[in-house]
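Novice: Okay, here's what each chain looks like letter by letter:
There are 4 protein chains.
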Amino acid sequence: MNYREILEEIFHEVQPMIGRGRIPDYIPPLASIPRDKFGMALQTTDGDTFQVGESKERFSIQSISKLFALTLALRLVGTSIWKRVGREPSGTSFNSLTQLEYEQGIPRNPFINAGALVVADILLSHADKPKDAYLEFLRQLTGIASITYSKTIYRAEIKAGHRNRALANLLKDFGNLQHSVEDVLDYYFFQCAVMMSCKELAQACLFLAGQGVSPLAGEVVSRRHAKRINAVMLTCGTYDAAGDFAYRVGLPGKSGVGGGIVAVVPDKMSLCVWSPALNKAGNSYAGTKALELFTTKTRLSVF
Amino acid sequence: MNYREILEEIFHEVQPMIGRGRIPDYIPPLASIPRDKFGMALQTTDGDTFQVGESKERFSIQSISKLFALTLALRLVGTSIWKRVGREPSGTSFNSLTQLEYEQGIPRNPFINAGALVVADILLSHADKPKDAYLEFLRQLTGIASITYSKTIYRAEIKAGHRNRALANLLKDFGNLQHSVEDVLDYYFFQCAVMMSCKELAQACLFLAGQGVSPLAGEVVSRRHAKRINAVMLTCGTYDAAGDFAYRVGLPGKSGVGGGIVAVVPDKMSLCVWSPALNKAGNSYAGTKALELFTTKTRLSVF
Amino acid sequence: MNYREILEEIFHEVQPMIGRGRIPDYIPPLASIPRDKFGMALQTTDGDTFQVGESKERFSIQSISKLFALTLALRLVGTSIWKRVGREPSGTSFNSLTQLEYEQGIPRNPFINAGALVVADILLSHADKPKDAYLEFLRQLTGIASITYSKTIYRAEIKAGHRNRALANLLKDFGNLQHSVEDVLDYYFFQCAVMMSCKELAQACLFLAGQGVSPLAGEVVSRRHAKRINAVMLTCGTYDAAGDFAYRVGLPGKSGVGGGIVAVVPDKMSLCVWSPALNKAGNSYAGTKALELFTTKTRLSVF
Amino acid sequence: MNYREILEEIFHEVQPMIGRGRIPDYIPPLASIPRDKFGMALQTTDGDTFQVGESKERFSIQSISKLFALTLALRLVGTSIWKRVGREPSGTSFNSLTQLEYEQGIPRNPFINAGALVVADILLSHADKPKDAYLEFLRQLTGIASITYSKTIYRAEIKAGHRNRALANLLKDFGNLQHSVEDVLDYYFFQCAVMMSCKELAQACLFLAGQGVSPLAGEVVSRRHAKRINAVMLTCGTYDAAGDFAYRVGLPGKSGVGGGIVAVVPDKMSLCVWSPALNKAGNSYAGTKALELFTTKTRLSVF
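Protein chains in written order, with the numbering used here: chain A, 339 to 641; chain B, 339 to 641; chain C, 339 to 641; chain D, 339 to 641.
None of these hints come from the bench; they were simulated from the model.
Take the hints with a grain of salt, since some may be wrong.
Below, a sample of chain A positions facing chain B; criterion: calculated Cβ distance under 10 Å [unchecked claim]:
#, residue
1, TRP420
2, LYS421
3, GLY424
4, PRO427
5, THR430
6, GLN549
7, ARG561
8, ARG566
9, ILE567
10, ASN568
11, MET571
12, TYR585
13, THR633
14, THR634
If you're wondering where the values come from, they're calculated on a predicted model, not measured in any experiment.
All C-beta atoms, glycine included, are put in the ideal place defined by N, C-alpha and C.
Required output: the full structure, derived from the provided sequences and hints.
Specialist: Listed below in structure tokens is the structure:
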């Protein structure tokens, strides 16, 4: 298939949708990103890269960081993480306290905030120099040494993070955090503040298209783990719109409020799209449309 | 791959698990099924059938009926059904009233009971002789004219259905049923009481493996609809264990409290497994294990 | 105190509020009541009656019926009713299914609909000719033989009662109804459809001001039971506005969507006010104001 | 009535119940209090004091502090506090986040933890030297200059307070706290750690029995405010057991997990009972029984 042409078509067709939706305003540095940005990148398991728009501009990966944190945790401690976090869709918004309270401090899945806080706690216990380990992992996945985080965004997250602080304290109260609330939040906000481009994110996810192996980084996780991460992405990766994303796009995907969405076509390729304005569910409006166009045009979908 | 051999292996390996779990006791005719039953059938898009165990014994399809009802509704009225029912995982048990109350009478998806009641209401409005149309559809999908429903189970469902009656009345109160509560329930219970074997169910689902086309029945739905039904199955098909099922099995699937589970390998095959004893989530215990063994052995999974 | 004058003052002062609020529209015969009606009656334990406005016009007592049903149940089976219904404020709306589902079919208190359905079920088990017994009790309390129910309203309730039917089916599913759902609903709707005037309702509640004894009807319940019924009224009698009613009015009270509210000044008097338009919480708007003016003017309040 | 004799009788009759229940273990200094403690004090509006047991031993007032905080807030800013906190029973446990989330950060009432945090925030804004003002108020109410707080308990609360920290962060996220989360929590924990005896607490509540006026302290609040505080106590003062407390005891009351309960007989007296072991609802087991015996023996109840 001529992916270059397809990406160009998509870029053309989504033009009217770029900028539609809302820019999150609770973190000032995110609020100031121009809403007309759009980029898309595609990385095949054969080693080809296709790009369109501002695919090389770095943005705040936000919740896409949860995908890499889960992968790292599975590498470090294996499936024992499932004792402390579930893998079911939550059916409620990504930062809800209600479900966490009813279910006694066991978050529904690692892709809602509460679950990511538990994963962060696990990484703090098992990773040597956890922040370095996290950045090192992303650099290894992409081969790009300059990947780092934004101190401005990190600080803004810390300042704005009352809801996450509430979640972390509730987890602590239920005994599902081993480290201090502030240490866990600090590490979580650091991860959210990592800056990467569409191209870098597509590359970083290539192992999920390669049954655990990335041409760039070698074996990242086992085949089994790769499939399972994809499964959790498909059922839980796009907040409370996972069903709709599966229905429209039909690929495992993980979104962030920074406007990025990564997606995986097993055995073929990984993708990333970015556009900052969000739909009601908190996923990039134009980004979701672009991925929907992509699977419609290419007939690539897991279904 | 030698599917015959693989099915034999699975049959051997699940022996210790057959009978484990609980038999639902709220419907007397279901409670009396021997718990040591097990059958499995596989139907390829190439036309081959493989079977093991009691794959030709008919059982009550129960919630698997929701899959055929959704398909019929999409054929009759298209995507307008999504105005009255969502397509998100519910995050709560299959017969919960709480979510339906909070979300003002719009069920989360067509595979929880409330959603299936709305689909039944749609079919009552648009199908000519709805009960005949339903059976006719199953007969057409399988080419087997003897498929019908169990009057004993149907009557037992009507008698035991207080929870479903509560759901239907709540839907009616919110204005999301056009027909009378009793008519909708009657039609819903009728569907649940249909009797089919593993072999028949695998055949009936073949169109979902064939991008909408079944070698047995021709074009059942469009390619687009077929993919979307698979997507809804994957995210919502196994009650409140959809995430776990995606993680372990990795295929779109739909289960019923009669102990049956159908699953789809897109472009390759449809499967059905049956064993009456259920795990905590209400899915066949040995059946889920058998499907997990199947995807482990064959490496067939959508991820 | 000159109660005649006080009632006249109140009648004058509430004029601008009469008719404010909404008339419930789910029951046609209730929707057609003119919204400018207002009546108030006061019955002292000394035997004096004071009235103002349309205090002799009968209206549909609706949920005020729950008070008499509870009293009858306590007479018939005593405190064993508390095994099947709680006595805590619900914190949710009067017809919510959510709490009933979480609390496994034990209604929070006898003054929300679910609780009243359980009380109706108890009366069906223990009262001889339950409908006659109910009317007979009201006639005995007031000495007025003509008290009966409105067949028009009763039939309209049956037709509109989907939410209550949902509640009753959920109770049945949890095993907290002994009679059939339809029998319980029929009896419940019958009670709601009883027609009484302010004067008759004030008289009927006099035993609650008299430590269980009414000058009109003799000993109705024990002193202990009378106090306890007052306690349940104060904490649960005005739907999800019990706290606000206690704060503003400071008396045990029970309201109905027919626009009536009864209230009790222990050891002194019983009152009833009626005006059909309701505030957001479902209590008579002008009626609540009138009672608030009454306790402000008379300084009679339990606090 | 011979109150001395009645208190002696109660003391005798509750002996077998003293020590029954659980001692809260989340705060070490509370966990170490001997469970066989029991004290009771009664202060009449005529100036008489009656006591029994360890009525002069100071204990941690815990949530009884919420009563004095509410009173202070009403003195400082009047009824405008009701814009930021409701006055309805919560129907859920005292530290629930669920309801606060659904109701967008407006706590149900000032006697659940979330509500008390909002009241603390109000006091921080309007009281000069808020900690001094709080202690000064209690000293003024009792005439006892030595009343202060326990630094040990205060520090233990800060350390254990994850649930309250979660609540405060959620309030902050909803914009219902003006001060920093840590400042509000610090002030809240300080209040909980105040140490008072039964005798001192009975004296401190005397204004609520005196229509706002205490023989010891003069006019504390207006008659109107006093009645309203009593109303909020009756409907919300004993956590999720307010209905049961009203039913059994029939008096406005406020309990704390330190084992104390204060109660008010309007126009007659204030009481305090203390025994550290708690029933399931978090109220003193023997203390609740003692108050129930008191109203049974004296027939004093607001109903």
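Novice: With reference to the structure, classify each hint as holding or not holding.
Specialist: Hint-by-hint comparison with the structure:
Using the Cβ-Cβ criterion of 10 Å, the hint placing TRP420(A) at the interface with chain B is satisfied: the shortest such distance is roughly 9 Å. The closest approach between the C-beta of LYS421(A) and any C-beta of chain B is roughly 14 Å, which is over the 10 Å cut-off, so the hint fails. For GLY424(A), the suggested interface contact is upheld, since its CB lies about 7 Å from the closest CB of chain B, less than 10 Å. For PRO427(A), the interface hint holds, since its Cβ comes within 10 Å of a Cβ in chain B; the closest pair sits about 4 Å apart.
The interface hint given for THR430(A) is met, as the beta carbon of that residue sits about 6 Å from the closest beta carbon of chain B, less than 10 Å. Here the hint on GLN549(A) is kept, as its CB sits about 9 Å from the closest CB of chain B, short of 10 Å. For the restraint placing ARG561(A) at the interface with chain B, the shortest Cβ-Cβ distance is roughly 8 Å, inside the 10 Å limit, so the hint holds. Look at ARG566(A): its Cβ gets to within about 5 Å of chain B, closer than 10 Å, so that hint holds up.
A distance limit of 10 Å between C-beta atoms decides the matter here; for ILE567(A) the minimum to chain B is near 8 Å, and the interface restraint holds. For ASN568(A), the interface hint holds, since its Cβ comes within 10 Å of a Cβ in chain B; the closest pair sits about 4 Å apart. Against a cut-off of 10 Å between C-beta atoms, the interface hint on MET571(A) holds, since the closest Cβ of chain B lies about 9 Å away. Hint status for TYR585(A) relative to chain B: holds, with the closest Cβ pair at about 5 Å, below 10 Å.
Satisfaction of the interface hint for THR633(A) is found here, the shortest Cβ-Cβ separation to chain B being roughly 9 Å, below the 10 Å cut-off. Annotation: interface hint on THR634(A) holds; nearest CB of chain B at approximately 8 Å, less than 10 Å.
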